[in-house]
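**Student:** One letter stands for each residue in the lines below.
There are 2 protein chains.
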Amino acid sequence: MPATPAWPPRSAPRLFVATPLAKGEAVTVEGNQAHYLAKVMRMAEGDVAILCDDATGEWAARAVSVGKREIVLEPAEMLRPREQVPDFWLCAALLKKDRFDLVLEKASELGVRRIRPVLARRCVADKLNLDRARAIVTEAAEQCARTALPEVAEPVKLDALLRDWPADRTLFFADELGGEPAATAFAANPGPSALLIGPEGGFDDAERAAVRALPGARPISLGPRILRGETAAIAAAALWMATAGDW
Amino acid sequence: MPATPAWPPRSAPRLFVATPLAKGEAVTVEGNQAHYLAKVMRMAEGDVAILCDDATGEWAARAVSVGKREIVLEPAEMLRPREQVPDFWLCAALLKKDRFDLVLEKASELGVRRIRPVLARRCVADKLNLDRARAIVTEAAEQCARTALPEVAEPVKLDALLRDWPADRTLFFADELGGEPAATAFAANPGPSALLIGPEGGFDDAERAAVRALPGARPISLGPRILRGETAAIAAAALWMATAGDW
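Protein sequences, first through last, are from chains A and B. Mapping of the first sequence onto the numbering used here: residues 1134 to 1380, in sequence order. Mapping of the second sequence onto the numbering used here: residues 1134 to 1380, in sequence order.
Everything labelled a hint here was simulated from the structure, so no lab data went into it. Everything numeric in this text was worked out from a predicted model, so none of it was measured. Hints may contain errors.
One copy or two, either will do: identical chains are not told apart, so a pair holds if it fits within one copy or between any two.
[Said to hold, decoys possible] Heads up, simulated DSS-like pairs for lysine-lysine below, C-alpha to C-alpha not over 30 Å straight-line:
1. K1230 <-> K1172
2. K1201 <-> K1260
3. K1229 <-> K1290
4. K1260 <-> K1290
5. K1172 <-> K1229
6. K1201 <-> K1172
Just chain A, with the same shape it has in the complex (with noise of 0.2 Å):
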């Protein structure tokens, strides 16, 4: 008996779009996404993408007209509603570029619903541009079939994170100078939770002061090794999924 087709095509490109999906109402895609499309993919008319929108979930469509600058695509079915995400936040200090933009990946693969980056004193990046941001956290969802996107939001001072923190939300807290092992703090306190992480060289003494007397906060060990501060998020966030998330 020969194999049926898998559908859609297991090649068939996946692309978030901003605009919600609904069957038989087309899309245009334009810019980079078209080019992508296009002239990497090489999709023809007829041909099926995989589109997502963040909102109602994962649709296949097929392509009613790809001009050089944009494409049409008409979704023909839903695949799977939008995922329901882990309500766990990483509020991470910026790092280097590229170690940040390793953080953004990685927490997009992991589940994060939020990232927000911190700016604490000893930072050595303060800006994050926030398109390119948001364009990596898109891609790593596309790569690896997400139906949600994390959302990113504008760096934040710490004193205004701490000032404005929710009350009914745990905040883990990296604490170079010792807390309760990580995998207890987090299967012991179930529910909203957001993951601090300081930048390289740590946060100051008046920093790990302000974040230890905040009501939520709960100081944890990420074990006797120091790590970088991008290995810190990414180990920590793994293990709050495996150990209060949904593995």
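Fit chain B to the given chain A structure using the hints.
**Tutor:** Coordinates of chain B only, in the frame set by chain A:
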């Protein structure tokens, strides 16, 4: 009261050397390492470096001569003995160079004892420059203040890895088709462990069957999202350290 100056100074460079270290027995550093100390760190006679030998531990050493091509250092005091390294191997399928570099760097930070690159049918890479790989893990260990180096073994084909598998070592196998939640499996199987991570696209059916046939193999799940190869390796290594290792 003035603060006591830190000893060794916080800014002291850290370096792994190939010679076993002993108090008062001078060691000579050449090549890239001499260039790094003299030109990048501007080391002068009398300055202090922190040396590790991956055998005895970590030493404060003073430069007794600084030449253009070589620097002679004399270990003055042992600061820490070589750390205990958890008995955890990472058997990761070769990935594209930059992705595998990340695995090497992060495995070093996370405290992996042995990295065994694996060749599987869907690997897009089939070669690893071992000298370069060892330089990456050494630099990572220097940066994160480890006193032990992970061993980087020669790449091995999956069937040879399985044929010679030690009977007393659990092989946790990140299986895209599912398995026990990783945190549960790690906690339930203490003792010598290893993690097997497939290439992008996963192991093929014959490879998966061969792994599952190994008596010590335990299929594990890393959650509902598809992780890239390097993300799976980093996330699962962190999770093992937190649930069965030394965090």
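**Student:** To test your reading of the hints: which numbers does this structure violate?
**Tutor:** 2
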